[in-house]
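S.K.: Quick note, the sequences are listed as chains A and B, same order.
Residue numbering for the first sequence follows this note's numbering, beginning at 1 and increasing consecutively.
Residue numbering for the second sequence follows this note's numbering, beginning at 1 and increasing consecutively.
Hints are not guaranteed to be accurate.
[Said to hold, decoys possible] Selected chain B positions facing chain A (in silico; Cβ < 7 Å):
{"no.": "1", "residue": "ILE9"}
{"no.": "2", "residue": "GLY49"}
{"no.": "3", "residue": "ALA130"}
{"no.": "4", "residue": "GLU133"}
{"no.": "5", "residue": "LEU173"}
Keep in mind that the hints were calculated from the coordinates and are not lab data.
For clarity, every value in this text was computed on a predicted model and none was experimentally measured.
Backbone N, C-alpha and C define an ideal beta-carbon position, used for all residues, glycine too.
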Amino acid sequence: MVNSLLIFFYSLLGVCMAFAGIESFKAKDNPARYGTGLFWLILAVIFIFGDLLPAVVVGGLVVIIGLLSLFKQIQVGHIKDVDSATAAQFAKKLGGWIFLPSVVLAVVSIIVGTFTPLGGQVAIGVGSVLALIVAIVETKAPVKMVYTDTHRILRSVGAVGMLPQILAMLGTVFTAAGVGTLVTKMISGAFPTGNRFLGVVLYCVAMALFTIIMGNAFAAFAVITVAIGIPFVVSQGGNPAVVAALGMTAGYCGTLLTPMAANFNSLPVALLEMDDQWSVIKQQALVSVILLVCHILLMYFLAF
Amino acid sequence: MNYWPLIGILLILVGFILKFDTTAVVIFSAVVTALCSGMSITKTLTVIGQGFVDNRMVSLYFLTLPMIGLIESHGLREVAVKTITKIKKATPGKILNVYMYLRGLGLLFGIALSGQVTFVRPLVSPMVLASAEAQGKLSPHEREMLKARSAAADNISNFFTQNLFVASSGVLLISATMKSLGHAVSPSQIALYTIPMAVISLLVESIDNLWMDKKRSRNEA
Numbered sequence: 001m002v003n004s005l006l007i008f009f010y011s012l013l014g015v016c017m018a019f020a021g022i023e024s025f026k027a028k029d030n031p032a033r034y035g036t037g038l039f040w041l042i043l044a045v046i047f048i049f050g051d052l053l054p055a056v057v058v059g060g061l062v063v064i065i066g067l068l069s070l071f072k073q074i075q076v077g078h079i080k081d082v083d084s085a086t087a088a089q090f091a092k093k094l095g096g097w098i099f100l101p102s103v104v105l106a107v108v109s110i111i112v113g114t115f116t117p118l119g120g121q122v123a124i125g126v127g128s129v130l131a132l133i134v135a136i137v138e139t140k141a142p143v144k145m146v147y148t149d150t151h152r153i154l155r156s157v158g159a160v161g162m163l164p165q166i167l168a169m170l171g172t173v174f175t176a177a178g179v180g181t182l183v184t185k186m187i188s189g190a191f192p193t194g195n196r197f198l199g200v201v202l203y204c205v206a207m208a209l210f211t212i213i214m215g216n217a218f219a220a221f222a223v224i225t226v227a228i229g230i231p232f233v234v235s236q237g238g239n240p241a242v243v244a245a246l247g248m249t250a251g252y253c254g255t256l257l258t259p260m261a262a263n264f265n266s267l268p269v270a271l272l273e274m275d276d277q278w279s280v281i282k283q284q285a286l287v288s289v290i291l292l293v294c295h296i297l298l299m300y301f302l303a304f
Numbered sequence: 001m002n003y004w005p006l007i008g009i010l011l012i013l014v015g016f017i018l019k020f021d022t023t024a025v026v027i028f029s030a031v032v033t034a035l036c037s038g039m040s041i042t043k044t045l046t047v048i049g050q051g052f053v054d055n056r057m058v059s060l061y062f063l064t065l066p067m068i069g070l071i072e073s074h075g076l077r078e079v080a081v082k083t084i085t086k087i088k089k090a091t092p093g094k095i096l097n098v099y100m101y102l103r104g105l106g107l108l109f110g111i112a113l114s115g116q117v118t119f120v121r122p123l124v125s126p127m128v129l130a131s132a133e134a135q136g137k138l139s140p141h142e143r144e145m146l147k148a149r150s151a152a153a154d155n156i157s158n159f160f161t162q163n164l165f166v167a168s169s170g171v172l173l174i175s176a177t178m179k180s181l182g183h184a185v186s187p188s189q190i191a192l193y194t195i196p197m198a199v200i201s202l203l204v205e206s207i208d209n210l211w212m213d214k215k216r217s218r219n220e221a
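Starting from the given sequences, assemble the full structure and let the hints guide the process.
M.R.: Here it is in structure tokens:
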């Protein structure tokens, strides 16, 4: 039951991706329209038929996505913006009710995920579909508009939106290749295992440091949790939910400190016409360090 | 002992630092790591394919997007902007604090717009500057600091509250990664244990903002 529901939701997502693919092909002003369209269609195939296709074929398709991206053939291109006249008119009419579908999504996802045996993933699917229905009823949007908005927002999220799943895949490959075990062996030569507090310090600081270097906490999480989080904290009896939740946000403390996180620390410098490239980071530095210390203490006391 | 699989971590580091194409770097690193651990090409592609299919749940947050797209084209930004504009007649620190809590509330319900573009540039930063100018003339250094603080307030509330939403990409990535590592945790457990740090970070930044107000009024006097 849970599995067939999940396959249903993955297929639904695959259909949305196919819409994005078709519309990307049709976007004549995008110089990379064939590559971009192919990218979305490959994803559509993987999401709809992922369980039927041999894994080796999917692996080949993923490598093709990598090649498309390498040769700059996946591009968002120019996407028509929201019609501001319509938006303003409905904003006036709906007021605060515009947030209703979002509230439905969050509440339904939590309730279904907590009080039914369907699990968190199916809950998100159920929540999303119900929220969309509420939004359609509320805005009385015609089918064509739902279609337009669906491919518009998917295409504008683009390849960046797929990055978390690709990083999760990397984590799986690291595990299969024994990277975690290797790093543990190397570190445990220099670092005492068996001390819970030091393990927590090592994990949180490593998350922040790797994020500073890479500019991306998601990427750091996939690497550092395999290499340090599991062997040095979870294996010593740490609650995995606590360790993982706080491990990720310990990485965000690093995001606050790094010019590598251009979207957050450099983009505002340009947007707000500031003079100093480091201004935003300077304002965040003190809070970031305080929060990192809080992460360490909180993880230590909550996880054990 | 074969240490070659570690080259994958190195590739990720170098690729990100040199700002090569992110997607390509990650997939390339996966291929190299698998090959270096002694897998055949077929085995490598199988592991990558299986890893990608098994982690489809990470992209489930895409399913929330059609609804967000629809309410976006029906005035989501406009209503949000109107709500924020209601914070008038306050000190810069207080404006930022109210904005941070509103932003956190939005993220709790999965509204993850780019805050810097949507709210800080057109709205929050000008409001903060106007409120500071009402108290006295601003030096270029003060203007720069207030702009940067507006951007910082958005980043901090964004980072530490986004995982309160069970269908956020961060929560799904955490949940999927832990599952593949053999320590399955549900999205709602992750969201639950995000609460303490979300509260602490909003409090710390709020105090820092009020402290900024205090310092500024002392300088005025």
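S.K.: Enumerate the violated hints, using their earlier numbering and listing them in ascending order.
M.R.: Hints 3 and 4 not satisfied by this model.
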